[in-house]
Structures are given as structure tokens and as C-alpha cells.
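Peer 1: These are the residues of each chain, in order.
4 protein chains.
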Amino acid sequence: MAKRKLRGGMVGGGVGAFIGPVHRMAATLDGEAEFVAGAFSRDAAKSRKSGEELGLDPSRVYPTYQVMAEKEAKLPADQRIDFVSIVVPNNGHFPASKLFLEAGINVICDKPMTTTLADARTLQKIVRKSGKVFALTHNYTGYPMVKQARHMVSTGKLGKINKVVVEYPQGWMSGMIDNPGNSIGMWRMDPEIAGGSCCMGDLGTHAENLVRYITGLEIDEVCAELTAFVKGNRLEDDGNVLVRYKGGARGILYASQISAGEENCLSIRVYGTKMGLEWRQEDPNYLIAKNPDGTQTRFSKGNNNLCKDAQDAARLIWGHPDGYIEAFANIYREAFKGIRAVNAGKKPPACDHPTADDGLVGVAFIDALLASSKSKSKWTRMKT
Amino acid sequence: MAKRKLRGGMVGGGVGAFIGPVHRMAATLDGEAEFVAGAFSRDAAKSRKSGEELGLDPSRVYPTYQVMAEKEAKLPADQRIDFVSIVVPNNGHFPASKLFLEAGINVICDKPMTTTLADARTLQKIVRKSGKVFALTHNYTGYPMVKQARHMVSTGKLGKINKVVVEYPQGWMSGMIDNPGNSIGMWRMDPEIAGGSCCMGDLGTHAENLVRYITGLEIDEVCAELTAFVKGNRLEDDGNVLVRYKGGARGILYASQISAGEENCLSIRVYGTKMGLEWRQEDPNYLIAKNPDGTQTRFSKGNNNLCKDAQDAARLIWGHPDGYIEAFANIYREAFKGIRAVNAGKKPPACDHPTADDGLVGVAFIDALLASSKSKSKWTRMKT
Amino acid sequence: MAKRKLRGGMVGGGVGAFIGPVHRMAATLDGEAEFVAGAFSRDAAKSRKSGEELGLDPSRVYPTYQVMAEKEAKLPADQRIDFVSIVVPNNGHFPASKLFLEAGINVICDKPMTTTLADARTLQKIVRKSGKVFALTHNYTGYPMVKQARHMVSTGKLGKINKVVVEYPQGWMSGMIDNPGNSIGMWRMDPEIAGGSCCMGDLGTHAENLVRYITGLEIDEVCAELTAFVKGNRLEDDGNVLVRYKGGARGILYASQISAGEENCLSIRVYGTKMGLEWRQEDPNYLIAKNPDGTQTRFSKGNNNLCKDAQDAARLIWGHPDGYIEAFANIYREAFKGIRAVNAGKKPPACDHPTADDGLVGVAFIDALLASSKSKSKWTRMKT
Amino acid sequence: MAKRKLRGGMVGGGVGAFIGPVHRMAATLDGEAEFVAGAFSRDAAKSRKSGEELGLDPSRVYPTYQVMAEKEAKLPADQRIDFVSIVVPNNGHFPASKLFLEAGINVICDKPMTTTLADARTLQKIVRKSGKVFALTHNYTGYPMVKQARHMVSTGKLGKINKVVVEYPQGWMSGMIDNPGNSIGMWRMDPEIAGGSCCMGDLGTHAENLVRYITGLEIDEVCAELTAFVKGNRLEDDGNVLVRYKGGARGILYASQISAGEENCLSIRVYGTKMGLEWRQEDPNYLIAKNPDGTQTRFSKGNNNLCKDAQDAARLIWGHPDGYIEAFANIYREAFKGIRAVNAGKKPPACDHPTADDGLVGVAFIDALLASSKSKSKWTRMKT
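Going line by line, the protein sequences match chains A, B, C and D.
For the first sequence, the positions run 31 to 414 when our numbering is used.
For the second sequence, the positions run 31 to 414 when our numbering is used.
For the third sequence, the positions run 31 to 414 when our numbering is used.
For the fourth sequence, the positions run 31 to 414 when our numbering is used.
Derived from the structure by calculation, the hints contain no laboratory data.
Hints are not guaranteed to be accurate.
Same chains, same names: a pair is fine if it fits in one copy or spans any two.
Unchecked claim - Calculated lysine-lysine pairs in the DSBU-like style (CA-CA distance at most 35 Å, straight line):
| hint | residue 1 | residue 2 |
| --- | --- | --- |
| 1 | K404 | K304 |
| 2 | K76 | K338 |
| 3 | K35 | K76 |
| 4 | K338 | K79 |
| 5 | K304 | K413 |
| 6 | K406 | K276 |
| 7 | K187 | K104 |
| 8 | K35 | K159 |
| 9 | K376 | K76 |
| 10 | K261 | K190 |
| 11 | K261 | K276 |
| 12 | K190 | K338 |
| 13 | K79 | K33 |
| 14 | K377 | K79 |
| 15 | K187 | K35 |
| 16 | K276 | K104 |
| 17 | K35 | K128 |
| 18 | K367 | K377 |
| 19 | K128 | K159 |
| 20 | K377 | K104 |
| 21 | K190 | K304 |
| 22 | K261 | K338 |
| 23 | K187 | K101 |
| 24 | K261 | K187 |
| 25 | K338 | K376 |
| 26 | K304 | K408 |
| 27 | K367 | K261 |
| 28 | K338 | K187 |
Can you make the complete structure from the sequences, with help from the hints?
Peer 2: Below you can see the structure in the form of C-alpha cells.
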């Protein structure tokens with residue numbers, strides 16, 4: 031029998047947004063789900079128009095997500111949405127997630143999970159209590175070669191990990207530095223909306239998550255310098271961090287929005303006693319293993335020599351590039367496994383997608399960075 | 031108003047096939063279409079099972095495509111499929127395309143278009159007469175940076191084109207060369223199914239199409255050597271071609287299935303009097319312009335400095351890699367534009383997807399290669 | 031008239047050493063100099079044997095550099111060496127340089143210049159007083175494309191520099207981490223010989239020098255964590271540094287000897303308000319400019335579009351790779367310009383090679399790193 | 031005992047020439063030789079001036095190479111040159127080589143060896159009879175990683191070779207195509223001086239030599255199209271060749287001087303039944319092995335895991351790039367081994383440098399290309 035399509039709703043992500051369409055393409059790529067409901071904008075008219083353009087039944091397009099949660103929860107089980115994708119700015123993540131989880135609806139949520147550590151702790155508890163799936167879209171862990179990297183670390187190919195360098199430079203704000211009149215006025219720079227961090231919340235948390243996903247290393251202490259280069263920026267647009275991982279590994283982690291000419295250049299290098307690894311998001315279908323004898327081995331997506339997770343995560347065979355959407359879709363695919371289990375009356379199983387636990391670590395990471403930065407880069411212990 | 035989803039059918043591409051899921055993901059990526067019918071296999075039971083797994087209404091899953099064409103044509107307009115995707119081996123392309131076109135149904139078809147030049151000419155006429163859309167999935171032309179390359183040539187950035195080097199090596203058959211017992215027995219090597227060519231029909235036609243798409247150059251004469259290295263191969267698994275383009279440009283075109291260790295390494299280099307260009311399918315989001323002053327300019331997908339076609343073809347902004355599926359989806363998106371026009375009673379407009387005219391050139395190209403090869407690599411004029 | 035060949039002597043660098051032959055090849059590459067004297071080892075017999083293998087007149091092969099300085103100084107001007115290359119371990123740099131300078135002989139010396147800041151200050155004064163040339167072999171600044179990078183910064187192409195990331199990972203010690211019995215016993219790890227730092231003295235100073243050469247930025251404060259991963263290592267084999275440059279730029283600088291599988295991967299990325307730049311020592315003939323519009327421009331060695339310094343520093347035209355020796359030879363070539371001027375009775379002119387001033391900064395940099403590290407990574411002001 | 035420095039003479043290569051300084055740097059890089067004599071130009075005054083700038087004894091600077099050969103031959107053995115480097119345009123190679131060999135002087139000569147096949151055959155015989163060393167500077171075979179490639183083929187790592195793609199595009203003439211007034215008037219385009227071929231003599235012979243050096247494959251037949259794109263060019267500036275090697279391998283070989291934006295992009299890909307290999311001259315310190323399982327292994331210069339020849343050919347360890355000069359110097363180093371043996375009264379040993387036998391093959395290759403091209407690309411057997 032065919033699996034029935036899961037029904038999804040969306041909060042935010044109206045037409046014109048960047049991340050809304052990404053979620054829609056990712057969630058539906060495998061034909062496993064369709065979006066049937068949404069509250070696409072705080073502006074009810076805009077929301078209606080977005081629903082219309084997406085071909086939704088107008089009765090399922092809501093003026094606010096609060097109304098949506100209430101109404102959807104009351105629908106019969108065979109009509110009600112199975113999950114909601116929350117793609118609003120940061121400060122909406124917590125209340126919307128809370129509401130839908132408490133309404134009994136599974137949640138896929140953008141990162142960072144919340145804007146405060148207290149909220150993150152609360153949400154983690156709500157998720158645990160809810161018996162529902164909560165997936166956080168640290169989408170870069172969906173790439174097949176990231177899974178291969180994790181596999182190589184966990185099976186001991188690298189020996190003991192001693193050093194990790196993770197970088198996430200973007201450059202799109204660099205042109206604004208010289209143009210103070212060019213008030214960017216984006217929500218990312220508004221502490222009321224973004225929380226206490228811009229660059230590190232947006233990019234740095236992806237970097238932290240990627241390190242932890244691949245290596246399993248947990249941060250002990252951070253020493254951070256956060257800088258706002260763009261005049262008028264109320265939050266940092268660049269952050270450099272020294273990291274001490276539990277167990278003795280040392281690391282560098284940086285993220286930037288003012289690195290002129292960089293696009294979305296997340297990369298990671300992991301060095302163990304036996305081998306080094308390198309992966310770059312902008313060339314995602316390859317993983318470089320650096321061998322101590324001076325050779326490098328390039329693994330490539332879609333081959334049988336990869337671990338099972340990497341093979342399963344590839345939508346196409348060797349030489350046929352998978353991209354960002356396919357990786358993002360892998361987060362959804364794993365969440366859908368969990369949702370189907372929950373629908374079948376089971377507890378949410380452990381699936382290969384970021385969870386509220388990861389979300390809490392991410393927010394704790396931001397918190398530690400902010401504390402270190404405020405203390406003039408004192409080493410600061412990370413506390414979840 | 032939302033555009034209604036177009037209804038698609040599929041011939042071939044049952045579960046387990048490589049190209050079937052690619053078509054399904056590509057056709058539905060933008061939420062513009064859904065598959066509602068299919069004849070997925072010559073084996074009616076397999077077809078049924080595939081339909082089931084895809085969640086199709088069993089009444090729309092047919093034992094043969096002939097039945098499918100007949101039954102679908104009789105359905106009311108608001109149920110009938112808008113298009114059929116034909117993804118069977120080569121010898122099925124012509125009869126299936128003919129049947130559906132004559133039944134008034136738009137066709138998206140895999141390449142090469144037919145197995146004989148006569149059939150290609152016939153099909154071109156049928157398409158013209160039908161008033162329907164016929165799109166051939168030379169999918170590599172769907173990549174944004176290929177469109178940028180075409181733009182740079184057509185706007186004169188390269189000056190007059192003098193040389194084109196296009197290569198399409200794969201290596202998956204290389205291990206078979208030494209293992210004669212390893213009879214591959216694939217349809218690609220069966221002249222009854224594949225037509226007169228294996229490697230050049232499968233890969234070489236993509237290369238020819240890519241050159242023509244980017245440069246507009248038309249082949250005048252070819253001088254080809256086709257070789258079957260794998261013991262037992264009845265058709266060539268490697269082909270090297272010298273090309274004379276109309277207007278004086280010269281070229282090299284080769285394709286291979288025995289180039290050990292290569293994956294899907296289609297690449298093109300175009301040299302004009304003012305600039306050279308290079309694009310590689312395995313790193314598709316970049317285009318290299320080689321300037322005579324010794325600099326190279328790397329253009330990358332998703333930026334505002336690209337031509338409109340390249341911008342429109344990108345699903346994501348800079349630094350967020352688009353892959354094979356997204357490029358493939360661009361072929362469908364253009365075909366859908368045409369289909370919506372036809373549905374609205376118009377003549378099929380000129381859209382940016384390969385057509386029956388391209389298909390005819392591709393088959394003529396194969397024909398010329400075979401003739402040249404048989405004559406011990408005599409220069410042979412290509413005739414459509 | 032042909033320029034006469036300058037006569038060189040060497041301290042250290044006997045047969046079997048790594049850096050001795052590099053100096054010999056670099057100094058003689060252009061036919062401007064020849065080595066005629068040396069004290070190649072602390073072991074007089076080894077020194078003699080090295081001199082023999084190099085074809086030197088035995089009367090010019092000395093048992094110690096002290097004897098060498100004394101004897102060479104007494105030779106008639108038309109026989110005496112014009113310069114000495116000091117290629118012994120770190121702790122020999124200061125006394126040997128002092129001795130030869132005071133004997134009136136120009137010095138080319140390996141880095142770091144001295145093992146203590148006090149010595150560095152003293153040597154800087156000795157150099158100034160001597161009227162002789164003192165060149166420090168921060169050889170990486172000899173690469174043509176490094177000169178092009180400097181030119182692009184100094185002519186404002188990048189706008190204001192905001193961020194610099196410089197990395198220098200090597201991996202040759204990584205295999206030793208797990209093998210404590212494998213006591214490496216190298217001089218680099220002996221504080222008596224190497225000074226207070228291993229990795230940062232050996233590699234980190236190159237990184238610091240490269241940043242300063244290209245950008246002109248001066249370090250204000252550093253925040254460093256230095257780690258000895260290899261059991262038994264008395265000095266650090268890995269160092270991560272946050273940097274505050276005067277004027278507001280921020281940076282990351284790291285060096286490592288335990289980054290498994292890395293060879294000699296010095297690289298630098300400089301980000302200004304208008305452009306980013308990237309250069310990698312392992313691919314030295316190219317410089318990447320990252321433009322805010324999403325294009326990257328690759329400049330390559332040996333082309334007319336480069337600045338004069340970059341053109342002059344290239345020994346071969348485009349497409350003919352210059353390597354490490356050629357870059358090293360550029361340091362010598364500039365030193366030779368100075369030596370010829372001094373020989374002609376002039377004051378040492380400003381030539382394009384690292385000087386005692388650079389050497390002092392390098393030692394001050396190490397000093398600041400050690401101080402910061404000892405204080406648990408407190409921000410520490412760098413003082414020359 | 032130190033080896034005495036070999037004494038060299040040079041024919042051609044006066045100051046301002048490109049290749050003269052390359053030979054001088056390459057020959058003297060290891061301190062094994064020095065140039066003491068020369069006939070640097072057909073213009074005696076220019077020759078004198080070049081000798082002066084090089085610091086040569088005026089009595090050893092000759093107005094013509096004929097005078098040079100005569101005079102040098104009469105010098106006492108301990109003054110006479112040990113070898114002559116012939117770096118004049120093509121038509122000078124034969125008479126000068128002949129003259130010096132017959133005067134008992136070893137010869138290092140630029141390629142192509144002669145301008146006619148008859149001369150090549152004659153010179154091969156003269157060399158054999160002379161008992162002297164004759165080395166042809168197909169310098170690209172001097173790169174360490176080319177030697178590693180040869181080793182991997184010869185030890186069976188690739189299995190049976192089936193396909194070879196070798197490319198040598200340059201672009202420096204591309205700008206001339208549109209400027210007919212821009213008469214280039216270079217000797218390379220003058221059949222009286224260059225012989226029957228420009229591009230293939232200059233670049234194509236390197237490509238042929240590289241294939242043979244790495245694979246040992248010998249050409250059976252060629253099918254060539256040679257084109258002069260630049261208006262006024264009397265010889266071809268672009269050539270595309272299909273190749274049949276003895277034993278069944280097939281190949282593509284092309285060279286070009288009109289490939290806009292290419293610098294000196296010699297590259298080779300070799301495909302066997304078990305593995306593929308790729309090497310690029312512009313990135314010469316790496317060799318890529320393409321494995322059938324979808325991994326690629328990058329070997330890099332200066333590591334212990336390479337074959338002995340590759341290790342010996344590296345002047346510097348891993349991560350310290352060797353360049354064009356170092357590779358060129360390896361040709362000289364091997365020739366010097368032979369010359370020292372000859373000086374010691376032995377027969378010229380088999381050393382790892384191209385010989386007159388290679389030179390003859392190169393000229394025969396050009397001859398076959400010209401014959402094939404004239405016959406409208408008929409397959410033409412290559413005859414030495």
C-alpha cells in the first residue's frame with residue numbers, strides 16, 4: 031500500500047520569502063507530504079494571497095497562527111494537519127512551537143530554536159511531554175557527505191579528534207559597512223526579534239551543530255569576540271570563537287556576514303590522530319579525507335563505498351549533484367518517519383534529524399558566546 | 031488565483047528505475063504538477079505495484095501505454111492527464127510519443143528521441159501537426175550557468191567562436207572490460223532496443239545538444255571513431271569525434287563509458303576570439319570565463335549579475351547549491367508554460383526546453399557518427 | 031658590464047639538512063651569487079665533509095662560525111664573503127648574526143630572528159648601527175601573487191580591511207600523538223634551542239608576517255591558546271589566536287603541526303569593505319579576488335595585468351609554475367640589491383625583503399602569544 | 031670528493047629570450063654545472079653583449095656556433111665545455127647538434143629535434159655513432175608526479191590502458207585572429223624556420239611525448255585536422271587528433287594556440303581497466319588517481335609513498351611546491367649523469383631524459399599529422 035501523504039501547515043513563509051519555498055520544496059520532494067494549511071503572514075491579507083497562490087483551500091488559510099492552531103486541532107483526524115513548519119523570525123519560534131505542540135501537532139521549526147535560554151529549556155520539556163515530533167532545520171546535516179563524515183569519525187577512522195576548524199563566512203553585508211545611511215533595518219539585526227545575536231544565531235549555530243553532528247564533541251568553554259562592523263547594526267555581524275571541547279579537543283569556529291565576496295561558505299575540517307577530514311557546503315557532494323601518508327582520498331556522493339546513511343541520503347547516483355534542497359528534504363524525510371510512527375500511536379523514535387535537545391545546545395551556545403564577548407572574551411563555560 | 035496543478039502520466043519509470051523518480055521529483059518540485067496515471071512497466075503486475083506505491087488511483091494505472099493513451103483520451107478534460115512523461119528505453123520513445131500526441135496529449139520524452147532518423151523526421155512532423163507540446167529531456171541545458179554561458183555567447187562576449195571541446199566521460203563499464211563472463215546484457219547494448227549506438231546515443235547526444243544550446247553552432251561534418259572495449263558489447267562504449275561546425279569553428283566531442291573512475295563528467299569549453307568559457311556538470315553552479323589578459327572570472331549561480339534566464343532558472347540564492355533535479359525541473363517548468371498555453375487554446379509557444387527539432391538533430395548526429403565510423407572515420411556530413 | 035657574482039658563506043645547512051640546499055638554490059638561481067665559505071655544522075668533521083661535497087676550497091670551510099667570522103673578516107675585500115646565510119636552529123640566530131654584522135658582513139638569517147624579545151631589540155639596533163644588510167627569510171612574501179595581493183590592498187581595491195583569516199596547518203606530528211614512546215627529541219621542541227615556542231615560532235610567525243606584508247595591519251592585541259598535543263612535547267604543537275589589529279580589523283590566526291594530512295597549507299583570506307582576497311601557498315601562482323557581486327576573479331602569475339612587483343617577481347611567464355625556490359630566491363634577489371648598494375658605499379636601501387624590524391615584530395608576536403596563553407588566553411597587548 | 035662543475039656552452043638564448051634563462055637556471059640549479067661559453071645570437075654584437083651580461087670570459091663568447099664548436103673542440107680537456115645547450119629556433123637544432131656531436135661535445139637540445147624526418151633519422155644515427163649524450167628537453171617529463179604516473183602504469187595499477195586524452199591548449203594567439211593587420215611575423219609561423227608545423231611542433235610533440243613517457247604506448251595511426259585560425263598564419267595554430275595506439279588503446283590529442291584565456295594547460299588523463307589517472311601541468315605537484323569505486327586518491331609531491339623516481343625528482347618535501355624550473359632541471363640532472371659517465375670513458379648510460387629516439391618519434395608524429403591533414407584527415411600510419 032502507498033503511504034498516504036502527510037498534511038502540512040506552514041507558519042510564515044509567504045510568497046516572496048526565501049525560506050518558505052525551500053521548506054515547501056523540501057517537504058514535498060519525495061511525494062510524502064503536501065501543504066494544506068497556513069498562516070503565512072502577520073498581515074491577514076498577505077496570508078490569504080499567499081494561500082491563494084499556493085492553491086490552498088481558503089478555509090485552511092488563517093489570519094494568525096494562533097487561530098490556525100486552534101482550528102486545525104479541532105478538525106477531524108483525517109483532515110487535520112500532521113505537522114506544521116514554523117518559518118517565522120526567531121522570536122516566533124518559541125510561542126508557535128509551544129502552541130502547536132500543545133495542540134497535539136508535530137513541529138518542524140527553523141533555528142535558532144528560541145531567543146532565550148529559558149525558553150529553550152522550557153520548549154525542550156514541552157517537546158518531551160508532548161509525545162510529538164519536533165525537528166529543527168539544521169539542514170546542513172542532511173547532506174549525504176556530512177553523514178559519511180560522521181560515520182568515519184564514529185567508526186574510528188580518524189582516531190582521537192584533536193582539532194576542529196569550522197567556518198561560516200558570508201559577505202552580503204560587507205557593502206553596507208561604508209554606507210551608514212543604508213540602514214538595513216532587518217529583523218535579523220533587531221534584538222527584539224532576533225534575540226541577542228545576529229550572525230552567530232543565524233550562522234554560528236549551524237556551525238556548532240555541524241561539528242557536534244559529525245564529531246559528537248561537546249563544547250566545554252568558549253572564548254568569543256563578536257563585532258558589529260556595519261554602522262547601525264545593533265547585533266554582531268561577525269564572530270570569532272576559540273573553543274574547548276570536552277575531552278581535550280581544541281577548535282576554531284567563526285561566522286561572518288561581512289566577509290566580502292563569500293557566499294554561503296560553511297566548511298569544516300576535523301583532525302584526528304589518524305586522519306583529517308574536510309567538507310565544504312558549496313561543493314557538497316564530496317568529502318576529502320586527508321591521510322597522514324600525504325595522499326588525500328575524495329569520497330563522492332552516490333557510491334556504494336559510502337556508509338548506509340550516506341547512501342540513503344543521496345537521491346541520485348554518482349556524478350549527479352544533489353543540492354541544498356535535497357539535503358533539506360532529508361531533514362523532512364527523517365521527521366516524517368517520526369511523524370508516521372507517532373501517527374501509529376508510538377513514541378517519537380530516534381530519527382536522524384536535529385531535535386529540541388540540539389536546539390537547546392544551540393541556544394546555550396549563543397548564550398555562552400554573548401557572555402564571553404561581554405566579558406572581553408573571557409573563557410566561558412557553556413551551560414544547557 | 032492559484033494555477034491548478036497539471037496532471038501527469040508516466041510511461042515506464044516504475045519503482046526501482048533510475049530515471050522515473052528523477053522525472054517525478056523534477057515535475058513536481060514547484061508544486062505545478064502531480065502524477066495521476068501511469069503504465070510503469072511492460073509487466074502489468076509490476077505496473078500495478080508501482081502505481082500502488084506511488085499512491086495512484088488504481089483505475090489510472092494501466093497495463094500498457096497503449097491502453098493508457100486510449101483510456102486517458104476518453105476521460106473528461108478536467109480529469110484527463112495534461113502530459114505524459116515517456117521514460118522507457120530508446121525504442122519506445124517513438125511509438126509512445128506518436129500515440130500520445132495523436133491522442134492529443136502533450137509529451138515529455140527522454141532522449142534520444144528515436145532510434146532511427148526516419149522515425150525522428152516523422153515524429154518532428156507529428157509534433158508540428160499536433161499543436162501539442164513535445165519536450166525532450168536534454169536536462170543539462172536546465173542548469174542556470176548553462177543559460178548564462180549561452181547568454182554570454184549570444185551577446186558577443188566571446189567574439190567569434192573558433193573551438194569547442196565537449197567531453198562526457200563515465201567509467202561505470204570499465205570494470206567489465208576484463209570480465210568477459212560478466213555479460214552485461216543491458217538494453218543499452220541491445221541494438222534492437224537502444225538503436226545503433228550505446229555511448230553516443232546515451233551521452234554523446236547530450237554533449238551535442240549542450241554545444242548547440244550554448245553556442246548555436248550547427249554541425250557540418252563529423253569524423254568519428256567508435257569502439258566497443260567491453261567484450262561482448264554489441265554497441266560502442268566509447269566514441270571520439272572531430273567536428274566541423276558550419277561557419278568554420280572546429281571541435282572535439284567525446285563520450286565514454288569505460289573511462290575508469292569518471293562519474294558523470296560532462297564538461298564544455300568554448301573558445302572565441304575574445305574569451306573562453308568552461309562549465310562542468312559535476313560542479314554545476316559555477317561558470318568560468320577565461321579572459322585573454324590572464325584572469326579568469328568565476329560566475330556563480332543565484333546572483334543578480336547573471337542574465338535573466340540564469341536568474342530565473344536558479345531555485346535558490348548564491349551559495350545554496352542547486353543540483354541535478356533542479357536543472358531537470360527547469361525543463362519541466364518550461365514545458366509546463368507551453369502546456370498551459372496549449373490548454374488555453376494557444377499554439378505551443380517557444381519555450382526554453384529542447385524540442386522535437388533538437389531531437390531530430392540528435393538522431394541525425396548519431397546517424398552521421400555511425401556512418402563515419404563505418405567508413406573508417408571518413409568525414410561525414412550531418413543531415414537532418 | 032656583468033655584475034660580479036657575490037660571494038656567500040653559510041652557517042649551518044650541511045648536507046642532509048632541509049633548509050641549507052633551499053638557501054643554496056635560492057641564492058644562486060639567478061647566477062648572482064656563489065657560496066665560497068661555510069661552517070656547516072657544530073661538528074668540525076661534518077662541516078669539512080659538507081664543504082667537500084659542495085666543492086668548496088677547504089681553507090674556507092671552518093670548524094665554527096666564530097672562526098669563520100674572524101677569518102673571513104681578515105680576508106682581502108676581493109676574496110671576503112659578501113654575505114652569510116645563517117640557517118642554524120633558532121638559538122643560533124642571534125649570536126651568529128651579531129658576530130657577522132659586527133665583522134662587517136651582511137646577513138641573511140632564518141626566522142624567528144631570535145629566541146628572546148630582548149635579543150631581538152638588541153639585534154635590531156646592531157643592524158641599524160652596522161650599515162649592513164640584514165634580511166630575514168620570511169620566504170612566503172617572495173611569491174609573486176603575494177605581492178599582487180599587497181598591491182591590491184595598498185591601492186584601495188579592497189576598501190577598508192575588516193577581517194583577516196590566516197591559517198598555517200601542518201600535520202607531520204599527528205602520528206606521534208598516539209605514540210608516546212616515539213620521543214621526537216627534535217630541537218624544535220627543546221626550549222633551550224627553539225625558544226619559548228615551537229609551532230608559533232616556526233609557522234605562526236610566517237602567518238603574522240604574511241598578514242602584515244599584504245595588509246600593512248599591525249597587531250594591537252592577541253588572545254591565544256597554545257596546546258601541546260604530542261605527549262612529551264615541551265612546547266606547543268598547535269596554536270589558535272584571536273587578533274585585534276590596530277584600526278579595528280579583527281582576525282583569526284592559527285598554526286598547527288598536528289592537523290593530520292595537511293602538508294604546508296599556509297593560506298590567507300583578507301576581507302575589506304569592497305572585496306575579499308584569498309591566496310594559498312600550496313597553489314601559489316593564483317590569487318582569488320572575491321567580488322561583492324558574486325563573481326570571483328582569479329589572477330595568475332606571469333601576466334601583464336599584475337602590478338610591477340608581481341611581474342618582476344615572476345621568473346617565468348603565465349602557465350609556467352613558479353615554486354617555493356623561486357619565491358625564496360626573490361628574498362635573496364632583493365637582499366642582493368641591498369648588498370651591492372652597500373658594497374658601493376651606500377647605506378642599505380629599502381628593498382623588498384623582510385628586515386630586522388620585521389624580525390622584532392615576529393619575536394614580539396611570539397612573546398605576546400606566550401603571555402596570553404599563560405594567562406589563560408587573556409587579551410594581551412603586543413609590544414615591540 | 032666534490033664532483034667538479036660541468037662546463038656548459040649555449041647556442042642561442044641571449045638576454046631577452048624566454049627559454050635561454052630557463053636553461054641556465056635549470057642547468058645550474060643543483061650547483062652541478064656552470065655556463066662558460068656561448069654563441070648567443072646570429073648577431074655577433076648581441077652575442078658579445080649577452081656574454082658580457084652573463085659575466086663570461088669574452089674569449090669564450092663566439093660570433094657563431096660554428097666558430098664555437100671549432101674553437102671549443104680545440105681547447106684542452108680541462109677547459110673545453112662538457113656540453114652545449116642548443117636553444118635556437120627549430121631549423122637550427124639539426125645542424126648545430128650535428129656539429130657539436132661530431133666535435134665530441136654532448137648536446138642538450140630543444141624540441142622538436144629537427145624540421146624534417148630525414149634529418150631526425152640522420153641525427154639519431156649521428157648520436158649513436160658519437161658515443162655522446164644527446165638530451166631533448168621535453169621538460170614536462172621532469173615533473174615528479176609525471177614519474178609517479180609512469181610508475182603506476184608500469185606496475186599495473188591501471189590494468190590495461192584503453193584510452194588516453196591529452197590536451198595542450200594555449201590562448202596567446204587568440205587576440206590576433208580578429209586583427210589581420212597584426213602580422214605576428216614570428217619564427218614559429220615561418221615554415222623555413224619552424225618546419226612544417228607550428229602548434230603541433232611546439233605543443234603537440236610535448237603531448238605525444240608525455241603520453242609515451244607515462245604509458246609506453248606507441249602511436250599506430252593518427253587522424254588529424256590542423257587549422258590556421260589567425261589570418262596570415264602560414265602554419266596551423268590549432269590541431270585536433272584522433273589516435274590509435276598499438277595494442278588497441280584509443281586516444282584524443284589536441285593542442286592549440288587560439289584557446290582564449292588558456293595559459294599553458296597541458297593535461298593528461300589515462301584510463302585503464304582498473305583505474306584512471308589525471309595530471310595537469312598548471313597544478314603539477316598533484317596526481318589524481320580515479321578509482322572505480324568512486325573515490326579519487328590525490329598523490330602529492332615530496333612524500334615517501336611515491337615511487338623512487340618521483341621522490342628523487344622532488345627538490346623539496348611535501349607542501350613546498352616545485353615548479354617548472356625544477357622539472358626542467360631534472361632533465362639536466364639526468365643528462366649530467368650521462369655526461370659524467372661519458373667523461374669517465376663509459377658509453378652513455380640509459381638515463382631518465384628524452385633522447386634522440388624520442389626526438390625521432392616526435393618528428394615522425396608531426397610528419398604523420400601533416401600527411402593526415404593534407405589528405406583531409408585520413409588515418410595515417412606513423413613511421414619513424
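Peer 1: Each hint: holds or not?
Peer 2: Hints versus structure:
Proximity of K404 to K304 under the C-alpha cut-off of 35 Å is restricted to the inter-copy arrangement: shortest distance 29 Å between copies versus 38 Å within a copy. Taking the closest pair of Cα atoms, K76 and K338 come within 35 Å of each other only across two copies (27 Å); inside a single copy the shortest separation is 44 Å, beyond that limit. Taking CA atoms no more than 35 Å apart as the test, K35 paired with K76 passes in both settings, with 27 Å inside one copy and 22 Å between copies. Taking the shortest Cα distances, K338 and K79 sit within 35 Å of each other only across copies (26 Å), while inside one copy they are farther apart (43 Å).
Proximity of K304 and K413 under a CA criterion of 35 Å is satisfied intra-copy only: 31 Å inside one chain copy versus 39 Å between copies. Taking CA atoms no more than 35 Å apart as the test, K406 paired with K276 passes in both settings, with 23 Å inside one copy and 17 Å between copies. For the identical chains of this complex, K187 and K104 are neighbours neither inside a copy (52 Å) nor across copies (61 Å), given an alpha-carbon limit of 35 Å. Taking the shortest alpha-carbon separations for K35 and K159, only the intra-copy value of 26 Å comes in at or below 35 Å, while the best inter-copy value is 39 Å.
With identical chains, the CA atoms of K376 and K76 are at most 35 Å apart between copies only, with a shortest distance of 32 Å across copies and 38 Å within one. In the homo-oligomer, the alpha carbons of K261 and K190 lie at most 35 Å apart only across protomers (14 Å), although the nearest pairing inside one protomer, at 43 Å, exceeds that limit. Taking CA atoms no more than 35 Å apart as the test, K261 paired with K276 passes between copies only; the shortest distance there is 18 Å, against 37 Å inside one copy. Taking identical chains as interchangeable, the C-alpha atoms of K190 and K338 lie at most 35 Å apart whether they share a chain (23 Å) or sit on different chains (32 Å).
In this assembly of identical chains, K79 and K33 lie within 35 Å of each other by CA distance both inside one copy and across copies; the values are 31 Å within and 13 Å between. Proximity of K377 to K79 under the C-alpha cut-off of 35 Å is restricted to the inter-copy arrangement: shortest distance 30 Å between copies versus 37 Å within a copy. In this homomeric assembly, K187 and K35 never come within 35 Å of each other (Cα to Cα): the closest approach is 40 Å inside a single copy and 49 Å across copies. Proximity of K276 to K104 under the C-alpha cut-off of 35 Å is found in neither arrangement, the shortest distances being 47 Å within a copy and 62 Å between copies.
Taking the closest pair of Cα atoms, K35 and K128 come within 35 Å of each other both inside a single copy (25 Å) and across two copies (34 Å). Proximity of K367 and K377 under a CA criterion of 35 Å is satisfied intra-copy only: 12 Å inside one chain copy versus 45 Å between copies. Within a single copy, K128 and K159 get their C-alpha atoms as close as 11 Å, which meets the 35 Å cut-off; across copies the closest is 59 Å, which misses it. Taking the shortest alpha-carbon separations for K377 and K104, only the intra-copy value of 22 Å comes in at or below 35 Å, while the best inter-copy value is 48 Å.
Taking CA atoms no more than 35 Å apart as the test, K190 paired with K304 passes in both settings, with 8 Å inside one copy and 34 Å between copies. Proximity of K261 to K338 under the C-alpha cut-off of 35 Å is restricted to the inter-copy arrangement: shortest distance 33 Å between copies versus 48 Å within a copy. Proximity of K187 to K101 under the C-alpha cut-off of 35 Å is found in neither arrangement, the shortest distances being 52 Å within a copy and 58 Å between copies. For the homomeric pair K261 and K187, the shortest alpha-carbon distance between copies (21 Å) is at most 35 Å, but the shortest distance inside one copy (46 Å) is not.
Within a single copy, K338 and K376 get their C-alpha atoms as close as 25 Å, which meets the 35 Å cut-off; across copies the closest is 50 Å, which misses it. For a Cα distance limit of 35 Å, the shortest separation of K304 from K408 qualifies both inside one copy, at 32 Å, and across copies, at 32 Å. When the C-alpha separation of K367 and K261 is checked against a cutoff of 35 Å, the pair qualifies neither within a copy, at 46 Å, nor between copies, at 45 Å. Taking the shortest alpha-carbon separations for K338 and K187, both the intra-copy value of 16 Å and the inter-copy value of 29 Å come in at or below 35 Å.
Of the numbered hints stated above, those contradicted by the structure are hints 7, 15, 16, 23, 27, listed in ascending order.
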